[in-house]
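Given the coordinates of chain A, assemble chain B onto it according to the supplied hints.
There are 2 protein chains.
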Amino acid sequence: MGGPEIERLIELLGKLPGLGPRSARRAALGLLRQPQARLLPLANAMEQAARTVRTCARCGNLDSRDPCTVCSDPNRDQGLICVVEGVGDLWALERAGVHRGLYHVLGGTLSPLGGIGPEDLNLSPLLARLEAGGVREVILALGATVEGATTQHWLSERLAPSGATISRVGQGVPMGGALDVLDDGTLAAALMARRAS
Amino acid sequence: MGGPEIERLIELLGKLPGLGPRSARRAALGLLRQPQARLLPLANAMEQAARTVRTCARCGNLDSRDPCTVCSDPNRDQGLICVVEGVGDLWALERAGVHRGLYHVLGGTLSPLGGIGPEDLNLSPLLARLEAGGVREVILALGATVEGATTQHWLSERLAPSGATISRVGQGVPMGGALDVLDDGTLAAALMARRAS
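Each protein sequence line maps, in turn, to chains A and B. Residue 1 is where the first sequence starts when you use the UniProt record's numbering, and the numbers rise one by one after that. Residue 1 is where the second sequence starts when you use the UniProt record's numbering, and the numbers rise one by one after that.
Pulled out of the complex, with its shape left as it was, chain A reads as follows (with noise of 0.2 angstroms):
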């Protein structure tokens, strides 16, 4: 049709999430028509943060700092952790502007059936954390899901002898839903209205 090239790209944009054959195609054209105005500044970008982005070993965000930008903020109240499933449900706290904390990104949720145990999230981190004192609340603010649930309990339990209270977000998150596709009024409901877990 166009070389291998093009079909390559089209391929490869039609892998993300959210794009099927039609639309890969369709982007993969739009960005044709434009080499220099918008292919390259897009693949520029995606070489750039490749070789930026990790993974903060302490919250496990990603970032092009390590640690992350929210770790090094010494605006945040140090004492006051918000644990969440994935970096998307960070992302979505963020944007909302409700958190002013730190984070603490576990990187899925505990799944019996699908046989993710505790050693499968990034929990040594969020105990080291604790441990290291200066904790005074931890906010689990996972998914209404079965998974999520499940995750929240384990970990409160967990958790509690840490000495920190343990609370989880509460009235707004919707049964079955995930954080980041909350709104911001939703997302600000559920952190004010957190209880003793």
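FYI, nobody ran anything at the bench for these hints, they're computed from the structure. Accuracy of the hints is not assured; some may be wrong.
Intra- or inter-copy, both count: the list cannot distinguish identical chains.
[Stated by the list, open to error] Below, in silico cross-link-like pairs of lysine to aspartate or glutamate (DMTMM-like), each with a Cα-Cα straight-line distance of 25 angstroms or less:
(1) 15 <-> 180
(2) 15 <-> 94
(3) 15 <-> 66
(4) 15 <-> 183
(5) 15 <-> 85
(6) 15 <-> 47
(7) 15 <-> 89
(8) 15 <-> 184
(9) 15 <-> 137
Just chain B now, with coordinates in the frame of chain A:
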């Protein structure tokens, strides 16, 4: 949130046709999770495409060779040219495998209201191809829109002196389509284009 590199990646992904801000974030996250396996290969494919792909000087197709793969294929009917609005239309016809001749990409349609005149289309190379001789038929495969119809009428008259047969794609009920979901214009065209059964 995660540094300027991530912000820029999301911003540029969000400009792809078919990706809004939310799906751009999802795509960025999917890529950032596997920088070596997914982000870098896509960046390289884009760079490669930007470096090699150009517009075929003969027909207006996008290809890493010039003349393009279609124009260079000696097995294709050199006397039959299919005129399309954009490269996406050429791709669609090639996927269908229904045209064994060459193409000519106009790069748009006439739009008096939009201020797009004949001088804005890839027209001179088409006239040059007809003047060079050997073209038996020109098929106008333009969309069934006001602009498509305008362009088709104008081109029919403009190309008539060349001596080649000027035809246009048929209009009617799409394959697999039910009658009761079609718009009035399509139904009218289908009735007009009726043939002995």
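Comparing the hints with the structure gives:
1. In this assembly of identical chains, residue 15 and residue 180 lie within 25 angstroms of each other by CA distance both inside one copy and across copies; the values are 21 angstroms within and 21 angstroms between.
2. In the homo-oligomer, the alpha carbons of residue 15 and residue 94 lie at most 25 angstroms apart only across protomers (22 angstroms), although the nearest pairing inside one protomer, at 27 angstroms, exceeds that limit.
3. Neither within a single protomer nor between protomers do residue 15 and residue 66 lie at most 25 angstroms apart by alpha-carbon distance, with minima of 29 angstroms and 29 angstroms respectively.
4. Taking identical chains as interchangeable, the C-alpha atoms of residue 15 and residue 183 lie at most 25 angstroms apart only when they sit on different chains, with a minimum of 22 angstroms there against 27 angstroms within one chain.
5. In this assembly of identical chains, the alpha carbons of residue 15 and residue 85 lie at most 25 angstroms apart only when taken from the same copy (23 angstroms versus 28 angstroms across copies).
6. For the homomeric pair residue 15 and residue 47, the shortest alpha-carbon distances inside one copy (18 angstroms) and between copies (18 angstroms) are both at most 25 angstroms.
7. Taking the shortest Cα distances, residue 15 and residue 89 sit within 25 angstroms of each other both inside one copy (22 angstroms) and across copies (22 angstroms).
8. Taking identical chains as interchangeable, the C-alpha atoms of residue 15 and residue 184 lie at most 25 angstroms apart only when they sit on different chains, with a minimum of 23 angstroms there against 29 angstroms within one chain.
9. In the homo-oligomer, the alpha carbons of residue 15 and residue 137 never lie at most 25 angstroms apart, since the shortest distance is 40 angstroms inside one protomer and 40 angstroms across protomers.
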